[in-house]
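Chemist: If you want the building blocks of each chain, they are given just below.
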Amino acid sequence: MMDDKAVEELILNVKSLTDRMTMVDAVLKANKLSQETVLAFQCSHSGLYYPADYVRLWGRLYGIGLGPSPVSESLDSLYYTEPPPITEAIRSIEQIMHPVGNSFAQLDYMLVSADDYNDCRLVCAHDDPHMEIRARILRDKQLSNPLSKLRIMQVAWDRTGR
Amino acid sequence: MQPTIIQDTISVAAGAINENVIVSNSALRGLLQSVYPARIRLLAVISALGLRIDASHGSSTFAASCDLRVSASTPDDPLDVVNDQAYTQAGEQMVIRATNTTGAAIELRYMLVLEPVVGDDWTGGDVELPPDTLVMQRGPVAVAAGVQAQQLLDGLRFERVNVPSILTVFMTQSATGILRQMLIDNERVAPPSTISLNNRVPQDPFDTTLSGIEVPANSLQLLQVANPTGGSLNVFFKTKNNQLERR
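First to last, the protein sequences are chains A and B. Each step along the first sequence adds one to the number in the numbering used here, with nothing skipped, and position 99 is 99. So the numbering used here is basically just the index in the second sequence, starting at one, shifted up by 1000.
None of these hints come from the bench; they were simulated from the model. Certain hints may be false.
Unchecked claim - Here are some of the chain B residues that sit facing chain A, going by a computed Cβ distance under 8 Å:
id: 1; residue: Q1007
id: 2; residue: L1049
id: 3; residue: T1099
id: 4; residue: A1104
id: 5; residue: G1231
Fair warning: this is a prediction, and the values are worked out from it, not measured in the lab. All C-beta atoms, glycine included, are put in the ideal place defined by N, C-alpha and C.
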């Protein structure tokens, strides 16, 4: 069951999208049947979810610097650009990766089960302001992507003995 | 004489500094020095927040610690111009220094155009050039809830300019609530006012908030913002000092 504060927040989040309250009704009904359902925004590029207040708090908590219209903050690996070269200033191979860029993908609002939402949440920029968590996730993906040149650079790094 | 156009896309490593992005591409090394007196136009965008550039010709910096617009594409001309009013003599070296403070590699897409200011009758040597415009471009800069007067230019390179100049200021905010005011040496030249709501690094001329401000030599430029709302907001700004004398 949702408490009053959660219901109030749900109404505010839905009102940032539309005047129709049918989504509020659907969430309350599902929660009464113990099917915990939440409002979420799905990134059309990654398929992962943002919190329900993403649009309402665009420019305040989310999407800083990405323009006036809410879009996905998700980061994409830019495989067509070579990773930076390994120079003397590089202290760790973790600094070397294909560059990343904001996808600016479309967002779609939807009602999803709380379990799905928790399993498939995106890391937001305000939770990771220096991109450390997201860089780790993307770098691991880059290592296994056939378009990536990282594996070769890892070998080159190991050979330098640094 | 034809203009020289350098356009490239390079990756800057996480937590690293690239001392001159032009030499990251060996094919561009031959274009490092200007072969004639020229007007410089620099355009640039980045793939994600966290990369900052400085640009100079010879020993003169014309763009100091500039944050750039996040874009999934190449720079738009003229919206993504960082500075288009700097002037170089022949032989001066172009430097674009990029600093990445994040944990991920970021892509910088830039275009540097050198438009000759001499004709085919030029026989070499220095010529008389107009003064450079000095640019600073920053954002996002966080402004906490309830802040009354945060000085955005505090300690920055062109907070004071040592020759008289004409100042133009561009600003945007990430969400509604920021008020800005401008003082020159404690004389208020612009009262508190709202700014454009575009949530990105400002573009010339769409995000102009102040223009034609006379700034005497070595005067303190106080660009202050207030946030009377209950939550933190972010502001983006660009200052252009059109110097009236060449240093």
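Chemist: Look at each hint and say if it fits the structure.
Modeler: These are the hints, each one checked on the structure:
Of the supplied interface hints, the one on B:Q1007 is violated, with its beta-carbon coming no nearer than about 14 Å to a beta-carbon of chain A, more than 8 Å. Annotation: B:L1049 was flagged as interfacial toward chain A, and the flag holds, the nearest CB pair being 5 Å apart, inside 8 Å. For B:T1099, the shortest C-beta to C-beta distance to chain A is roughly 12 Å, which exceeds 8 Å, and the interface hint is violated. Annotation: B:A1104 was flagged as interfacial toward chain A, and the flag holds, the nearest CB pair being 4 Å apart, inside 8 Å.
Proximity of B:G1231 to chain A holds as hinted, the smallest CB-CB distance being about 6 Å (cut-off 8 Å).
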